[in-house]
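2 protein chains.
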Amino acid sequence: MTIRTVSPTADIAALDAADALAPFREKFTLPDGVIYLDGNSLGALPVDTPSRVAGVMHDEWGTGLIRSWNSADWIGAPQRVGAKLARLLGAKAHEVVVADSTSVNLYKLIVAALGAQRGRRVVLSEPGNFPTDLYMVETAAATLGAGHRLELAPRDELVSRIGDDTALVMLTHVHYKTADLFDMAAITAAAQAKGALVLWDLSHSAGAVPLALNACNADLAVGCGYKFLNGGPGAPAFLFVAERHHATLQSPLGGWMGHARPFAFVDGYEPAPGIARFLCGTPPILAVAALESGVDLHLTVDMQQVAAKSRALCELFIDLVDARCATYGVTLVGPPRGAPRGSHVSFRHPEGYAIMQALIASGVIGDFRAPDIMRFGITPLYLRFADIAAAVDVLEEVLRTGAWRAPAYQVRHAVT
Amino acid sequence: MTIRTVSPTADIAALDAADALAPFREKFTLPDGVIYLDGNSLGALPVDTPSRVAGVMHDEWGTGLIRSWNSADWIGAPQRVGAKLARLLGAKAHEVVVADSTSVNLYKLIVAALGAQRGRRVVLSEPGNFPTDLYMVETAAATLGAGHRLELAPRDELVSRIGDDTALVMLTHVHYKTADLFDMAAITAAAQAKGALVLWDLSHSAGAVPLALNACNADLAVGCGYKFLNGGPGAPAFLFVAERHHATLQSPLGGWMGHARPFAFVDGYEPAPGIARFLCGTPPILAVAALESGVDLHLTVDMQQVAAKSRALCELFIDLVDARCATYGVTLVGPPRGAPRGSHVSFRHPEGYAIMQALIASGVIGDFRAPDIMRFGITPLYLRFADIAAAVDVLEEVLRTGAWRAPAYQVRHAVT
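If you read the protein sequences in the order shown, they are chains A and B.
The numbering of the first sequence is my numbering, which starts it at 1 and goes up by one.
The numbering of the second sequence is my numbering, which starts it at 1 and goes up by one.
The hints are simulated quantities; they were obtained by calculation from the structure and are not laboratory data.
Among these hints, one or two may not hold up.
It does not matter which identical chain is meant; a pair holds if it fits inside one copy or across any two.
Computed list of lysine to aspartate or glutamate pairs in DMTMM-like fashion (alpha-carbon distance at most 20 Å, straight line) [unchecked claim]:
#1 K84 / D267
#2 K194 / D319
#3 K84 / D296
#4 K177 / E315
#5 K27 / D16
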C-alpha cells in the first residue's frame, strides 16, 4: 500500500498554495514516506536542533567545562527558557520556569496549593484526565494523609462540585484523548469565586492553541516540552505560578536550585523569593538546549495563524473521514466540527489498535489510546492539507481491504 | 603565567609511563591549555558522546519519531542504563534505574522510607552534608508533618544517635567538600541493627571509588550522573532500591511511568511491581543517551585500577602542596595522606575564592566551596601525574606572586 493523493485534488492544492505557514515545513526534519500525525505525542525534530545541541556538547561542555555554568549561563537556563515560553503562554517572564517532568511539576504545585489552602483538602478533577495527573494527586494525597483526597466529577458537573473543602481544581486544558477544550477563563473565575485555586495542565495546549494565562487570571499551570513544542523525547517540562502566589506557595521538593542562595551551601532551606523556588535539582542542560531550540522556532510564528490552520486541517480531516470512513464504523470522538477544540483529532473504532498499526505500517503515523481510540495530531507548522487528504486515503484503504486483520497488526507493543 | 612541568620531573614521567590507564585519556575531549581538576563537579566530555547523541537526534527522533519508543527501546532506557550502572555499584541489574535528578530521587526514597517505617519519624544525617540532601529531608518532613523531622549529629556520634524514632539514616558516602569516606558496610549494619534504613548518596562515589552495595547489604541509594560518570551537565540521576524493599516501599511521586500498566490509561494508580515503581515522568531520552555513553566508558575500566591511580594522584597532590604551599597558609581538609578517601582533594585558605579564580584564569580548573575550600577533582581516566605536578606549580606561583589579589579575582560569579 502506498500513499497517493486524493479526492477534491484541486481544492486541496489550492489550500496548500494559499497557506502562509507552508514555509515552516522546511524548518523540520521529516522522514520520507511518512505522514506524521503524532506531533501531539512527540513533536518532530526541528532542523536547527542537532547543531544547537552539538554546540552545547562541544563548545560549552567539552571546551567550557564547569566554567559554562557562568559563561554560557547554564545556571540561568530554566528561567531564560521559561521567559521565552511565557510569551507563548500569555504570562509574565518571571512566572515560568523549565524544570523536571510534567509529573514532578504537577506534584510540586498540587502539594504547594494544598499547603496554601489549609482547611481545604480536596483536589477536584475529572475522570479520564491524563493518567499521570490523577496519579500524582492520588499519591500526593496519600503522602499528605489527613483527609487529603482526589475527587472526580464529570465535566458538566465540575463547577457545581466545587465546595468549601475544594483546595484545587486540576484540569487538562485540551483533553489528551478527545481534544475537548475547557474555557479557561470561565472555569478559573468560577473556581476562584468559591475559594479554590486552579491548576491547568497545558501539555496538549502549549504550541497548539493560543493561550492567555494572565488574561484568564490563571493561578497555576504545568506543561510538556516534547509535544507541540518540539523539545525532543522526554524534554524538560515547564511550570507557571502567577506572581501573586510566589510568596505564599512553597514547593515540597525544596532542592538546592530552589534555594535563595544555592551556592552558600548552608544547611537550612530558605526558598528563593520568586519562581526559582519551584526549581529543584541541577537543570538538564543538553535537554534544555533542545527544548529552547523548539521554543525559539515557535516564537517566530503567529499563534493565531497556527490556530486558524489547525482548525482548517482538523475540519478537513473530520469531513473526509466522515464522508469516506463512517461506513466502516469509524466515529468522531470529542468536539464536533466547528466547536472549540485542541489540535488533534480522534476517532473511535472497536479495532482501533490494529487499524492504527496498519496505518503506521503504511507510513501514516498516529497513535492509539486504550480502549478504542485512534488519535491524530494536527501540527500546522509541518503538515500540509495534502497530507491530511492522503492520510484519509490510506485509512479508507486499510478499512476497505481489511488490511488491519493481518496478525502482525494485532501484536501489542510496549508503547501504544 | 603558563603551565610548566615540575619538580621531580623524572619521577613524574616514570609514573605516567607506567600508568595502565593512560590510554583512557584519549577517550575524552579536553581543551588545550587546561588542567581539569573539576571532574567531580562536571565530568569531561567523552569523545563518543556527541555522535551518540547526534544519532539519537537524527535517527531515533528525526527519522524514527514516535516509533522509537518501541523500536529504539526508549521505553526501556531507564532500566537499561540502570542495569549497566548496577555493575558499577555492585548491585543487581533490576535494583537500579536512571530517573529525574538526585534531589528528586532523594525525595522519593526519603518519603518512601518514612512510609515503610511507620512509628519512626526521624531522618538522621550529619551537619554539612550536601545541601540538597538536607533540604529534601527538611521539605519532605514539612510536607508530611506529624512530627517527621531531620536530626543532625556529628559524624562520630551518628551511630549512637540512632534511636527508636530513627526511620532513616541518610549520608553522603564521599563527602562533597572533604572527600571523607564513610564505611558503608559498618554504618549500614549498625543502623539496621537498630531498626533504621540507610540511604546513601553516591554522587561523589559512583565512577570514583569501588562500590559494593549488595555486599554492604545496602537498603537505598541515589547518585549523580554528571560527575565521575561523565553523563553531561545536569545528566539524569539514578536510584537504587534493594530488591527486598521493592514490594514495601512506595514512591510519593506516583507518575505514569511507575504504574504497573502505564499504557492502559486507567484512572487509578497501581505501582509497578519492581524498581519501575520509582520512575515518575517520561524519561529524558537525549540526556539518558549522553549518560549511557559515559557509563559505557566506565564499564570498560577496572575500578580497582581506577581506585589505585586515584590514590596515587591524590597522594602526589597532597605531598606536593604540603611541601610547597603550606608556607602560604594552604592546609589539607579531610582525610590525611594514606587514609580512606574519595577521589577529590580539598585545601583550606582564607582567600580560597580568589586563589581559585586565579588558578582558573591560569588554566587550572578546580572549584570553590564556601566558606574557604579549594576543591580539586582527581579523575584517573583523564588525568596524568604530570597534570598534578603542573597544577601545583601554578598554585605555588599564584601564592608566591600574590596574583590572586587582582581585583578581577574577587568578583563573585553566580556559580562558584
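Hint check results:
{"no.": "1", "hint": "K84 / D267", "result": "neither (33 Å within a copy, 33 Å between copies)"}
{"no.": "2", "hint": "K194 / D319", "result": "neither (41 Å within a copy, 70 Å between copies)"}
{"no.": "3", "hint": "K84 / D296", "result": "within (8 Å within a copy, 36 Å between copies)"}
{"no.": "4", "hint": "K177 / E315", "result": "within (17 Å within a copy, 61 Å between copies)"}
{"no.": "5", "hint": "K27 / D16", "result": "within (17 Å within a copy, 50 Å between copies)"}
Checked against the numbered hints above, the structure breaks hints 1, 2 and satisfies the rest.
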